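The residues making up each chain are set out below.
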Amino acid sequence: MLRMAESLRRVLNLGSSAESEEENTAEAGPPLLLLGGPGSGKTALLFAAALEAAGEGRGPVLFLTRRPLQSLPRGRGAALDPLRLQKIRFQYPPSTHELLQLLCSAHEARGPAPSLLLLDGLEEYLVEDWGPQEAAYLAALLLDTAAHFSHQIGPGQGCGLIVALQIQEEGDSGDALQLSLLQRYFPAQCWLQVDTPGPGQRCLRACLDPGGLGPRAEWWVAFRPDGEMTITPRPAQAGNPSSDKGSSSEGQP
Amino acid sequence: MRVTRADATSPRPAPDRRREFSLVAVGASRLLGFWGRVKAWDAMASALPGVTLPAVVEELLSEMAAAVQENARIPDEHLSALKFIFGSSAIQALDLVDRQSVTLISSPSGRRVYQVLGSSGKTYTCLASCHYCSCPAFAFSVLRKSDSLLCKHLLAVYLSQVMRTCRQLKVSDKQLTDILFVKKQQAAQKDKRL
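Protein chains in written order, with the numbering used here: chain C, 1 to 253; chain A, 1 to 194.
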């Protein structure tokens, strides 16, 4: 059920290497920006990615967010194994200042370097009247911190980076400038959109654009009333993606 | 090490990149295998991501590195290509390299950052892992207007890597934090103003 989180990383892993489905391609891939409106499942997907990485037998996962998760997303079996949960280190920088400090001093931390760095709610840390340079510095520091963790882990593997950013459906111009700036640092992006608000179940469309490193891919992400998340691949570019005729959910078992 | 760069220091002030383009192009297209690739790069320059250098620049830098290792100098053709791609920044960056203005700062943790002493006497911080420089030109020309690829400080960092003229400075982990966190004052002030 965590195929997407896995796929997110796998697809991004393509990067330079071949498109093989090897289990052990632990290369981190390029940094990924996860974009979506309010309530589009960004946090649930980040958490799924955290669990996925925590189960890989590598380093811990560092999960940065301004406030604790409201509830743990539902999962089955091994996914919510307490051993996995223990490998996810949550930190809650309360302000931009604290987040910058955490990133700038990441190399002072002891212990094994994280294999995945996650930041939820980047928009809460982007100070409104920041010029492009400050926003760029925050993005660049996130990359630099992940690069440092990769360096600590050693060659062959690396520390992945996924950052979630809430966007408005109708973006204003200030947002657009900041977004295009962030996209410089995060060439790979995953867009989440509400697809079919069916009865009792919320369905989202996730579109992954690996930034020229591979083909685009799409998934349906559905949340059942009990909160459980299921992910199914959306048929690969069968039709023209502009028309939304694939909205009936019978396409994929 | 001094760089021979008769071509690069010629006084032509480069008012128009397009015109300069054709001047350099004629010579460079014969001399350089790069030319086709430079043109291809020029065509897609607007779509460039900000994190990595385009392949043609990477290639140029690695060929420069090879030439430096072999002959201890950068061939004129490479300097012309550099000047074509980066305009007047190329000369300014070479000057910074000549003056040994680039310092690679590292701490026991292995984290690294570059500092470049600008011609104005100000020191700018350049991240080692991705494109970022704290200078105003980077904010304006690279980030805001997207009309240049790099500022002269970042280019100087890359060139000093190629020419192995980086000064090295070892600091403690804590000191490195302070260097990276210099921007904190600005951010904090803005936080307060809100």
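Just so you know, these hints were derived from the structure itself, not from any lab. On a predicted model such as this, the values are computed, not experimentally measured, just so you know. Wrong hints could be hidden among the right ones.
What the hints assert, rightly or not - Negatives, chain A to chain C, calculated, CB over 10 Å:
| # | residue |
| --- | --- |
| 1 | V56 |
| 2 | E59 |
| 3 | S62 |
| 4 | V68 |
| 5 | E70 |
| 6 | S107 |
| 7 | G110 |
| 8 | R111 |
| 9 | K122 |
| 10 | L127 |
| 11 | A128 |
| 12 | H131 |
| 13 | S134 |
| 14 | A139 |
| 15 | C166 |
| 16 | D173 |
Said to hold, decoys possible - Partner residues are not named here, just some residues of chain C that face chain A (Cβ under 10 Å, in silico):
| # | residue |
| --- | --- |
| 17 | T65 |
| 18 | L103 |
| 19 | A135 |
| 20 | A140 |
| 21 | T145 |
| 22 | T232 |
By construction, the Cβ of each residue, glycine as well, lies at the ideal position given by its N, Cα and C atoms.
Do the hints match the structure? See the list:
1. V56: With a cut-off of 10 Å, V56(A) remains clear of chain C, as the shortest Cβ separation is near 15 Å.
2. E59: 16 Å, holds
3. S62: 16 Å, holds
4. V68: 25 Å, holds
5. E70: 27 Å, holds
6. S107: S107(A) is in fact no farther than 10 Å from some Cβ atom of chain C, at 6 Å.
7. G110: G110(A) not clear of chain C: closest Cβ-Cβ about 5 Å, inside 10 Å.
8. R111: Given a closest Cβ separation of 4 Å, the condition is violated.
9. K122: It holds; K122(A) is separated from chain C by about 14 Å at its closest Cβ, greater than 10 Å.
10. L127: 5 Å, violated
11. A128: 7 Å, violated
12. H131: H131(A) is in fact no farther than 10 Å from some Cβ atom of chain C, at 7 Å.
13. S134: 7 Å, violated
14. A139: 4 Å, violated
15. C166: 18 Å, holds
16. D173: At about 5 Å from chain C, D173(A) fails to clear the 10 Å cut-off, so the statement is violated.
17. T65: At 19 Å from the nearest chain A Cβ, T65(C) fails the 10 Å test, so the hint is violated.
18. L103: Status holds, d = 8 Å.
19. A135: With a minimum Cβ separation of about 9 Å from chain A (threshold 10 Å), the hint on A135(C) holds.
20. A140: 4 Å, holds
21. T145: 9 Å, holds
22. T232: Violated - the Cβ of T232(C) stays beyond 10 Å from chain A, reaching only about 30 Å at its closest.
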